[in-house]
Amino acid sequence: DAKTTQPPSMDCAEGRAANLPCNHSTISGNEYVYWYRQIHSQGPQYIIHGLKNNETNEMASLIITEDRKSSTLILPHATLRDTAVYYCIVRVSAQGAQKLVFGQGTRLTINP
Amino acid sequence: DTEVTQTPKHLVMGMTNKKSLKCEQHMGHRAMYWYKQKAKKPPELMFVYSYEKLSINESVPSRFSPECPNSSLLNLHLHALQPEDSALYLCASSQVSGEQSFGPGTRLTVL
Numbered sequence: 001d002a003k004t005t006q007p008p009s010m011d012c013a014e015g016r017a018a019n020l021p022c023n024h025s026t027i028s029g030n031e032y033v034y035w036y037r038q039i040h041s042q043g044p045q046y047i048i049h050g051l052k053n054n055e056t057n058e059m060a061s062l063i064i065t066e067d068r069k070s071s072t073l074i075l076p077h078a079t080l081r082d083t084a085v086y087y088c089i090v091r092v093s094a095q096g097a098q099k100l101v102f103g104q105g106t107r108l109t110i111n112p
Numbered sequence: 113d114t115e116v117t118q119t120p121k122h123l124v125m126g127m128t129n130k131k132s133l134k135c136e137q138h139m140g141h142r143a144m145y146w147y148k149q150k151a152k153k154p155p156e157l158m159f160v161y162s163y164e165k166l167s168i169n170e171s172v173p174s175r176f177s178p179e180c181p182n183s184s185l186l187n188l189h190l191h192a193l194q195p196e197d198s199a200l201y202l203c204a205s206s207q208v209s210g211e212q213s214f215g216p217g218t219r220l221t222v223l
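Line by line, the protein sequences are chains A and B. Note that this note's numbering gives residue 33 to position 33 of the first sequence, counting from 1, and the numbers run on in steps of one. Note that this note's numbering gives residue 146 to position 34 of the second sequence, counting from 1, and the numbers run on in steps of one.
Some hints here could point you the wrong way.
[To be verified] Computed cross-link-like contacts, EDC-like style, restricted to lysine to aspartate or glutamate with a CA-CA straight-line distance of at most 16 Å: (1) A:K99 - B:E170; (2) A:K99 - B:E211; (3) A:K3 - B:E156; (4) B:K134 - B:E115; (5) B:K152 - B:D197; (6) B:K121 - B:E136; (7) A:K99 - B:E156; (8) A:K69 - A:D82; (9) B:K150 - B:E196; (10) B:K131 - B:D197; (11) A:K52 - A:E66; (12) A:K52 - A:D82.
[To be verified] Covered stretches of chain A, going by a simulated chain B footprint (3 or more residues, C-beta under 8 Å): (13) 43-53; (14) 84-95; (15) 102-110.
Simulated from the structure, these hints should not be mistaken for lab results. Source: prediction; values computed, not measured. Where a beta carbon is used, it is the ideal one built from N, C-alpha and C, also for glycine.
Let the sequences and hints guide you as you build the complete structure.
Take a look at the structure:
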C-alpha cells in the first residue's frame, strides 16, 4: 500500500495560513489523496480529497504536485479550533472495497 | 441524519467477558468500516463491509468478530480479549467509493 510521510508537529499563528506538507512518493495513478483531522480523540473529520488537480472547499485547499508525489493542505486563516492532528491519507482499492491508509499525522498547534 | 453513532461510549471488560460494540448510520451508505486506534497512533483498519458482505479483514485475531445485520448496522463482537486490545474503536461509513464519515468511537479498556 502507498504510504505517506508527514512532519510530526507544526505551529502556526492564529489568523495566518497553515500549510501542512505530505509526501506520498509511491502513490499509484488511480489512488486519491485524502486529508482528515482528529481533535482530541474524537472521530476523524473529513477535510478534502483530490486525485490530480488542486481542490478547494469551505474548509481548506489541497495542492497536489504535477508528479503526484507530494501535496500540501492549506488552511487559509487558522483559528484556535483548528488545533488538531492532521492525517494525510492515500485511498487504495483492495478486494472490491476502498481502504484509507493513514499516515502518522501532523500535530498542528494554532497559537494566539 | 448525517452522522455515525456508536454505543457504548466507554466499555470496561475482563478478559473472560463477551461484549459487543454497535455502530449505526442512516445516510444510505453501503460500506462500513471498523478501525482500531491506540494512543498517539493513527487509526488502523480492521474490517470493511461492502453491501453487507465482508470485503476486507486485515488479519484481525478471531477474538474480534464483525457482523453486519443490515445496511445501517455494524457490530463488533468481542470475546477473550487481552489488555493490549485496549484502544479507541472507530466505526465509519461511506458510499462505496466516497469519503468516510467516522463515529465518535468506543473507548475500550480490557482488565
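Quick rundown of the hints versus the structure:
1. In summary, the hint linking K99 of chain A to E170 of chain B is supported, as the alpha carbons are separated by about 10 Å, within the 16 Å threshold.
2. Note on K99 of chain A and E211 of chain B: the hinted pairing holds, with a Cα-Cα distance of about 11 Å set against a maximum of 16 Å.
3. Among the hinted pairs, K3 of chain A with E156 of chain B is consistent with the structure: their alpha-carbon atoms are about 13 Å apart, no more than 16 Å.
4. About 14 Å separates the Cα atoms of K134 of chain B and E115 of chain B, which keeps this hinted pair within 16 Å; it holds.
5. About 15 Å separates the Cα atoms of K152 of chain B and D197 of chain B, which keeps this hinted pair within 16 Å; it holds.
6. Straight-line distance between C-alpha atoms of K121 of chain B and E136 of chain B comes to about 13 Å, which keeps the hinted pair within the 16 Å bound.
7. Restraint check: the Cα-Cα separation between K99 of chain A and E156 of chain B comes to about 10 Å, which is no more than 16 Å; the hinted pair holds.
8. For the proposed pair K69 of chain A and D82 of chain A, the alpha carbon gap of about 26 Å is over 16 Å, so the pair is violated.
9. A C-alpha spacing of about 9 Å is found between K150 of chain B and E196 of chain B, which places the hinted pair at or below 16 Å, so the restraint holds.
10. Of the supplied pair hints, the one linking K131 of chain B and D197 of chain B holds, its CA atoms being roughly 13 Å apart against a limit of 16 Å.
11. With a C-alpha separation of about 7 Å, the suggested pair K52 of chain A and E66 of chain A falls inside the 16 Å cut-off, and the hint holds.
12. Using a Cα cut-off of 16 Å, the hinted pair K52 of chain A and D82 of chain A is violated, with the two alpha carbons roughly 26 Å apart.
13. Look at the region 43-53 of chain A against chain B: 5 of its residues bring a Cβ nearer than 8 Å to a Cβ of that chain, three or more, so the hint holds.
14. Three residues within the 8 Å Cβ limit are the bar, and the region 84-95 of chain A against chain B gives 3, so the coverage statement holds.
15. For the region 102-110 of chain A, the proposed coverage by chain B is satisfied: 4 residues have a C-beta within less than 8 Å of a C-beta in that chain, meeting the threshold of three.
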